[in-house]
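In terms of the working numbering, the sequence shown opens at residue 1 and continues consecutively.
I should point out that these hints are in silico values taken from the structure, not numbers from a laboratory. These numbers were taken from a predicted model, which means no experiment stands behind them. A portion of the hints provided could be inaccurate.
As the list claims (entries may be wrong) - The following label-pair restraints were derived from C-beta to C-beta distances:
1. Asp18 x Thr80: 44 to 54 Å
2. Ser77 x Gln590: 38 to 48 Å
3. Asn353 x Lys331: 18 to 28 Å
4. Lys410 x Ile390: 23 to 33 Å
5. Leu256 x Asp18: 16 to 26 Å
6. Lys331 x Glu592: 56 to 66 Å
7. Asp18 x Met595: 55 to 65 Å
8. Tyr527 x Ser349: 19 to 29 Å
9. Lys242 x Gln119: 53 to 63 Å
10. Ser284 x Ser3: 58 to 68 Å
11. Asn353 x Tyr263: 39 to 49 Å
12. Tyr527 x Lys331: 23 to 33 Å
13. Asn5 x Lys410: 45 to 55 Å
14. Thr80 x Glu129: 49 to 59 Å
Claimed, not checked - Straight line, CA to CA, 27 Å or less: simulated BS3-like cross-link-like pairs of lysine-lysine:
15. Lys410 x Lys325
16. Lys484 x Lys316
17. Lys228 x Lys27
18. Lys410 x Lys352
19. Lys27 x Lys283
20. Lys384 x Lys331
21. Lys484 x Lys423
22. Lys325 x Lys443
23. Lys484 x Lys510
24. Lys480 x Lys237
25. Lys176 x Lys98
26. Lys316 x Lys299
27. Lys242 x Lys48
28. Lys510 x Lys480
29. Lys406 x Lys457
30. Lys625 x Lys123
31. Lys145 x Lys96
32. Lys340 x Lys78
33. Lys96 x Lys122
34. Lys237 x Lys250
35. Lys27 x Lys237
36. Lys384 x Lys406
37. Lys480 x Lys316
38. Lys583 x Lys145
39. Lys384 x Lys423
40. Lys340 x Lys325
Glycine included, C-beta positions come from ideal geometry on N, C-alpha and C.
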Amino acid sequence: MISVNNLSVQFGGVPLFDHVSFIINEKDRIGLVGRNGAGKSTLLRIIKGIQQPEEGEIVIPSGDTIGYLPQEMEPDSKMTVFDEAMTAFVEILEIKQKIAELEQEITSRSDYESQSYHQVLKKHTEAYEQFNLLDGQSINISIEKVLMGLGFTTEEFSHSMSRFSSGWQMRVEIAKILLRQPDLILLDEPTNHLDIESIQWLEEFLINYRGAVILVSHDRAFLDNVTKRTIDITLGKIYDYKANYSGYVKLREERLESQVATYNNQQRQVRQIERFVERFRYKSTKAKQVQSRIKLLEKFEEVELDRFDDSSIHFKFPTAPHSGKIVLEAKNLSKIYPQKQVLTNLSFSVIKNDRIAFVGKNGEGKTTLSRIIARQLDYTGELKFGHNVITGYYAQDQSDYLDLEKTVFKTIDDIAIGDIRPKIRAILGGFLFTGDSIDKKVKVLSGGEKSRLSLAKLLLTPSNLLILDEPTNHLDMRSKDILKIALLQYTGTLIIVSHDRDFLQGLTNKIFEFREGVVREYIGDIYDFLETRRIRVLSQLESDRKMKDIAPKDEVVSDNKLNWEKRKDFEREVRKIRSLVIKCENEIEQLELEMKMREEILGDPQLHWEAMKSGKVFEEYEQLKIQHTLAMNHWEDLHHNLEMLEKQKE
Numbered sequence: 001m002i003s004v005n006n007l008s009v010q011f012g013g014v015p016l017f018d019h020v021s022f023i024i025n026e027k028d029r030i031g032l033v034g035r036n037g038a039g040k041s042t043l044l045r046i047i048k049g050i051q052q053p054e055e056g057e058i059v060i061p062s063g064d065t066i067g068y069l070p071q072e073m074e075p076d077s078k079m080t081v082f083d084e085a086m087t088a089f090v091e092i093l094e095i096k097q098k099i100a101e102l103e104q105e106i107t108s109r110s111d112y113e114s115q116s117y118h119q120v121l122k123k124h125t126e127a128y129e130q131f132n133l134l135d136g137q138s139i140n141i142s143i144e145k146v147l148m149g150l151g152f153t154t155e156e157f158s159h160s161m162s163r164f165s166s167g168w169q170m171r172v173e174i175a176k177i178l179l180r181q182p183d184l185i186l187l188d189e190p191t192n193h194l195d196i197e198s199i200q201w202l203e204e205f206l207i208n209y210r211g212a213v214i215l216v217s218h219d220r221a222f223l224d225n226v227t228k229r230t231i232d233i234t235l236g237k238i239y240d241y242k243a244n245y246s247g248y249v250k251l252r253e254e255r256l257e258s259q260v261a262t263y264n265n266q267q268r269q270v271r272q273i274e275r276f277v278e279r280f281r282y283k284s285t286k287a288k289q290v291q292s293r294i295k296l297l298e299k300f301e302e303v304e305l306d307r308f309d310d311s312s313i314h315f316k317f318p319t320a321p322h323s324g325k326i327v328l329e330a331k332n333l334s335k336i337y338p339q340k341q342v343l344t345n346l347s348f349s350v351i352k353n354d355r356i357a358f359v360g361k362n363g364e365g366k367t368t369l370s371r372i373i374a375r376q377l378d379y380t381g382e383l384k385f386g387h388n389v390i391t392g393y394y395a396q397d398q399s400d401y402l403d404l405e406k407t408v409f410k411t412i413d414d415i416a417i418g419d420i421r422p423k424i425r426a427i428l429g430g431f432l433f434t435g436d437s438i439d440k441k442v443k444v445l446s447g448g449e450k451s452r453l454s455l456a457k458l459l460l461t462p463s464n465l466l467i468l469d470e471p472t473n474h475l476d477m478r479s480k481d482i483l484k485i486a487l488l489q490y491t492g493t494l495i496i497v498s499h500d501r502d503f504l505q506g507l508t509n510k511i512f513e514f515r516e517g518v519v520r521e522y523i524g525d526i527y528d529f530l531e532t533r534r535i536r537v538l539s540q541l542e543s544d545r546k547m548k549d550i551a552p553k554d555e556v557v558s559d560n561k562l563n564w565e566k567r568k569d570f571e572r573e574v575r576k577i578r579s580l581v582i583k584c585e586n587e588i589e590q591l592e593l594e595m596k597m598r599e600e601i602l603g604d605p606q607l608h609w610e611a612m613k614s615g616k617v618f619e620e621y622e623q624l625k626i627q628h629t630l631a632m633n634h635w636e637d638l639h640h641n642l643e644m645l646e647k648q649k650e
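Based on the provided sequences and hints, a complete structural model is requested.
This is how it looks when you write it as structure tokens:
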């Protein structure tokens, strides 16, 4: 249990925290929420010990460890991905090195009866016991599991960290934290570096994690799925709710409504008493009653309304100019970079008023295709735009497109034309740039402020094809909601790249999935796509497709036949997995038998010395343990898949 006691921090003379206190319990799942600049990242740094508060303290039990992922960092490792992840196990690696040195000494000596030889044996046994206690034999398996969960392929394990973008390097930093298994994990915007599949994997990991977790995230679905408690930082105070984010929003509204009702009721009583006192103050017959009511007023403990920062962006996209029915068509479109072919022979079309989400792992070509459609990259193949198509583009690295030396006002003023010019201040006000803030230089703006300024630029030129690449990065929850509302009201065609499931839900009607050089099209919104993907993983979607490919186009297949085919495929899949389970169980039983034989050898003093000389028994035993762990993991995965299929049947 970690205690945050009477914490106070000021920033520019304004209290960031004003004597706040709370407890972090052993298995808490806490979402830390609040406006950008409210102090969420500062609080994480203070808990980690990187920053000191002006008042108060963090009480951490002796021996407790804390893992911390900052919102931004610049990894500069020259190691391979696997070796960098291996650095999470410093203690285990040191013990492993010690064991190797002791084994080398044991095999080089022949004074088997000496006291010093027995001391070396004892040290080796103790080191080996400690190694096993820390589960040292399975670190390679753990690293592989976590790295693959976070999106790396086994081929990429041996690649140098320097070959990867900062976002992918941040994934390795996340992996190292998870592998260390600290008592408390602090993650500041971890989903900024992940795709949807990796986010879902991380969710499962954190839900089942043995320690406590505190998250800062603007991904509502991620917070809802992982957290069970929400701490809201507002104007220097904290409000603690035993609920996930959606539950917190509801409870907060109920509390505020109750508070306002109580406040209004009290004010009504006060006014009634004051009117009575004023009316009968000078009447001697009412003097006793007047004094009684005055004393009652003095006893009133005034209900205070909690203050909240309710400022938020507000804007609406201009009406989209008319365009042709076909917005764009691509045929055999490809893009090759010197080190990699990202897109290969893509053919697709975008119809007027389509609302398309680009999803898939980072590096699969989503941003590349967005930039090609925005006319910012060359390509091979054919890309034909329809009649009167006008594109508006918001880049993922939009801040790189801003002139850092310009002021906020001049950034907009330099590109505003016609009727827009008199509305510049109103537009900036809609994005929370008011007063002196419009004279700030772009270089001093926060990530969120730069995002808002970039969105403001989109309003200056009406477009009928809007391309947004990760527009929600750096936006708080309320700003994301307002952006989503504005996009729902947008009258043109929309292409959006995002990993935020809650933001995408209901916003798009088509999904383009980028996977291994292929782009697949799905009809429906993000959760329709995720469900389809889940079914495909269980081989159901594949069987449906095979049936469609085999059947002639003009053949009408009855529902009964389709259902029969699906049922046969389902039963075949269940039989296959059950057979694999039995095979896996037999393999585990055989491995355990062989391990037991070697344990008996190592447990016999005479045989133990002989084994030490040869060194083979230790190596064989170690290899068997690794194989046993892999087999057990495989067995668990098979059982999980079987359970999923059984649920599907129900």
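Hints, one by one, checked against the model:
no.: 1; hint: Asp18 x Thr80: 44 to 54 Å; verdict: 47 Å, holds
no.: 2; hint: Ser77 x Gln590: 38 to 48 Å; verdict: 41 Å, holds
no.: 3; hint: Asn353 x Lys331: 18 to 28 Å; verdict: 22 Å, holds
no.: 4; hint: Lys410 x Ile390: 23 to 33 Å; verdict: 25 Å, holds
no.: 5; hint: Leu256 x Asp18: 16 to 26 Å; verdict: 20 Å, holds
no.: 6; hint: Lys331 x Glu592: 56 to 66 Å; verdict: 58 Å, holds
no.: 7; hint: Asp18 x Met595: 55 to 65 Å; verdict: 59 Å, holds
no.: 8; hint: Tyr527 x Ser349: 19 to 29 Å; verdict: 25 Å, holds
no.: 9; hint: Lys242 x Gln119: 53 to 63 Å; verdict: 55 Å, holds
no.: 10; hint: Ser284 x Ser3: 58 to 68 Å; verdict: 59 Å, holds
no.: 11; hint: Asn353 x Tyr263: 39 to 49 Å; verdict: 47 Å, holds
no.: 12; hint: Tyr527 x Lys331: 23 to 33 Å; verdict: 31 Å, holds
no.: 13; hint: Asn5 x Lys410: 45 to 55 Å; verdict: 47 Å, holds
no.: 14; hint: Thr80 x Glu129: 49 to 59 Å; verdict: 31 Å, violated
no.: 15; hint: Lys410 x Lys325; verdict: 37 Å, violated
no.: 16; hint: Lys484 x Lys316; verdict: 10 Å, holds
no.: 17; hint: Lys228 x Lys27; verdict: 10 Å, holds
no.: 18; hint: Lys410 x Lys352; verdict: 34 Å, violated
no.: 19; hint: Lys27 x Lys283; verdict: 65 Å, violated
no.: 20; hint: Lys384 x Lys331; verdict: 9 Å, holds
no.: 21; hint: Lys484 x Lys423; verdict: 23 Å, holds
no.: 22; hint: Lys325 x Lys443; verdict: 42 Å, violated
no.: 23; hint: Lys484 x Lys510; verdict: 16 Å, holds
no.: 24; hint: Lys480 x Lys237; verdict: 23 Å, holds
no.: 25; hint: Lys176 x Lys98; verdict: 23 Å, holds
no.: 26; hint: Lys316 x Lys299; verdict: 50 Å, violated
no.: 27; hint: Lys242 x Lys48; verdict: 23 Å, holds
no.: 28; hint: Lys510 x Lys480; verdict: 20 Å, holds
no.: 29; hint: Lys406 x Lys457; verdict: 14 Å, holds
no.: 30; hint: Lys625 x Lys123; verdict: 22 Å, holds
no.: 31; hint: Lys145 x Lys96; verdict: 21 Å, holds
no.: 32; hint: Lys340 x Lys78; verdict: 21 Å, holds
no.: 33; hint: Lys96 x Lys122; verdict: 16 Å, holds
no.: 34; hint: Lys237 x Lys250; verdict: 19 Å, holds
no.: 35; hint: Lys27 x Lys237; verdict: 24 Å, holds
no.: 36; hint: Lys384 x Lys406; verdict: 36 Å, violated
no.: 37; hint: Lys480 x Lys316; verdict: 13 Å, holds
no.: 38; hint: Lys583 x Lys145; verdict: 22 Å, holds
no.: 39; hint: Lys384 x Lys423; verdict: 35 Å, violated
no.: 40; hint: Lys340 x Lys325; verdict: 34 Å, violated
Of the numbered hints stated above, those contradicted by the structure are hints 14, 15, 18, 19, 22, 26, 36, 39 and 40, listed in ascending order.
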